[in-house]
Amino acid sequence: MQKSDFKGVLPAITTKMTADQEVDFAGVRADVAFQIEAGVDGIIVCGSLGEASSLVASEKLAIAKAAIEEAAGRVPVLLTIAEDSTRAGAALAAEGEKIGVKGLMVLPAMRYLADDREVVAHYRAIAAASSLPIIVYNNPLAYGIDISEAMLKEMADEPKFVAIKESTGDTRRINETIKALGDRYQLLTGVDDLALESLILGCHGWIAGLVVAFPKETVAIYQLVQQGRISEALEIYRWFLPLLHLDIGPKFVHNIKLAEHIVRGTSPVMRAPRLELVGAEAAQVRAVVEEGLANRPNLAKYGF
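For the sequence shown, UniProt numbering begins at 1 and goes up steadily by one.
FYI, nobody ran anything at the bench for these hints, they're computed from the structure.
Since the model is a prediction, treat every value here as computed from it, not as a measurement.
For each residue, glycine too, the CB sits at the ideal point set by N, CA and C.
Check the hints yourself; a few may be wrong.
The calculated lysine-lysine pairs, modelled on DSS-like cross-linking and capped at a C-alpha distance of 30 angstroms, are [what the hints assert, rightly or not]: (1) K216 with K102; (2) K179 with K7; (3) K153 with K102; (4) K98 with K179; (5) K301 with K7; (6) K301 with K65; (7) K160 with K65; (8) K7 with K153; (9) K7 with K251; (10) K102 with K179; (11) K7 with K216; (12) K179 with K153; (13) K179 with K160; (14) K7 with K65; (15) K65 with K98; (16) K301 with K216; (17) K216 with K65; (18) K251 with K216; (19) K216 with K153; (20) K160 with K7; (21) K7 with K102; (22) K102 with K160; (23) K65 with K102.
Computed beta-carbon distance windows for the label pairs [what the hints assert, rightly or not]: (24) A19 with R238: 35 to 43 angstroms; (25) A94 with E281: 37 to 45 angstroms; (26) I200 with A300: 20 to 28 angstroms; (27) E281 with L234: 23 to 31 angstroms; (28) G279 with S58: 34 to 42 angstroms; (29) L299 with G249: 22 to 30 angstroms; (30) Q21 with L241: 31 to 39 angstroms; (31) K251 with Q227: 29 to 37 angstroms; (32) A125 with N295: 45 to 53 angstroms; (33) A156 with Q284: 38 to 46 angstroms; (34) R238 with D84: 36 to 44 angstroms; (35) S54 with G249: 12 to 20 angstroms.
Start from the sequences, fold in the hints, and give me the full structure.
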């Protein structure tokens, strides 16, 4: 996979669970098929939205394998590396390459808040474990570690680091990174309700969350921006914003799985300690989704 492949809409799909909280592999395959039919450019499995923290390595590999089989070469499948130790992350990266994963999205090691030197060493060790290209996932708001401009400069000598998932929540970082590093890395927006702004500022793609329920709308926004049809993209985006806000906060997995359930009838089951939303929290998500469905734009108006 070359750097240019990390562009477009890349859904970070949820991990479907059975009633007893086991991975539903038929559900995984159905999700992959649903996204590809809508025109996405790749599939990312076992990310934060995919409940990575509650999956063991063997499950992650099995999920990736199911996604690869369903994709059948139509789009690349990427595996997220979000392990508690560098050793575990490197091992998962190596095994992922063996089964046919085409790229990795890598987080700093979980739990321990490493310093800059340790973070860079972690990323270099993951890179050394396979020949796969890597998206460096920077989400300091959620994970407490900020991969700074200086760190990205230091890491630039490793060609496997090809892209950055920009999830700092600060669109100024996009311009600052481009100014400092030019086109060394492809930038991918990872915050749903900053996606349009980020794409206009120079991000090459959108690693999306609400795409799992609304892939055609997500793809339409991306493609309209690429065509320079910003005012039309903005029309869809403004409709989408209340839904995109569901991707923010500690219960974003809960929110998005419930949204998927309402829109598509998929399973809302999560693996404990997460529990399905109840009461006011569930009602709020339902209200947002039902309003969105009631006012869903006609994409034919935009040529989709």
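Structure-based check of all given hints:
no. : hint                               : verdict
1   : K216 with K102                     : holds, 24 angstroms
2   : K179 with K7                       : holds, 20 angstroms
3   : K153 with K102                     : holds, 24 angstroms
4   : K98 with K179                      : violated, 37 angstroms
5   : K301 with K7                       : holds, 25 angstroms
6   : K301 with K65                      : violated, 38 angstroms
7   : K160 with K65                      : holds, 22 angstroms
8   : K7 with K153                       : holds, 21 angstroms
9   : K7 with K251                       : holds, 27 angstroms
10  : K102 with K179                     : holds, 29 angstroms
11  : K7 with K216                       : holds, 16 angstroms
12  : K179 with K153                     : holds, 12 angstroms
13  : K179 with K160                     : holds, 21 angstroms
14  : K7 with K65                        : holds, 22 angstroms
15  : K65 with K98                       : holds, 10 angstroms
16  : K301 with K216                     : holds, 13 angstroms
17  : K216 with K65                      : holds, 25 angstroms
18  : K251 with K216                     : holds, 24 angstroms
19  : K216 with K153                     : violated, 36 angstroms
20  : K160 with K7                       : holds, 16 angstroms
21  : K7 with K102                       : holds, 14 angstroms
22  : K102 with K160                     : holds, 12 angstroms
23  : K65 with K102                      : holds, 11 angstroms
24  : A19 with R238: 35 to 43 angstroms  : holds, 37 angstroms
25  : A94 with E281: 37 to 45 angstroms  : holds, 40 angstroms
26  : I200 with A300: 20 to 28 angstroms : holds, 24 angstroms
27  : E281 with L234: 23 to 31 angstroms : holds, 30 angstroms
28  : G279 with S58: 34 to 42 angstroms  : holds, 36 angstroms
29  : L299 with G249: 22 to 30 angstroms : holds, 28 angstroms
30  : Q21 with L241: 31 to 39 angstroms  : holds, 32 angstroms
31  : K251 with Q227: 29 to 37 angstroms : holds, 35 angstroms
32  : A125 with N295: 45 to 53 angstroms : holds, 48 angstroms
33  : A156 with Q284: 38 to 46 angstroms : holds, 43 angstroms
34  : R238 with D84: 36 to 44 angstroms  : holds, 40 angstroms
35  : S54 with G249: 12 to 20 angstroms  : holds, 18 angstroms
Going through the hint list in order, the structure does not satisfy hints 4, 6, 19.
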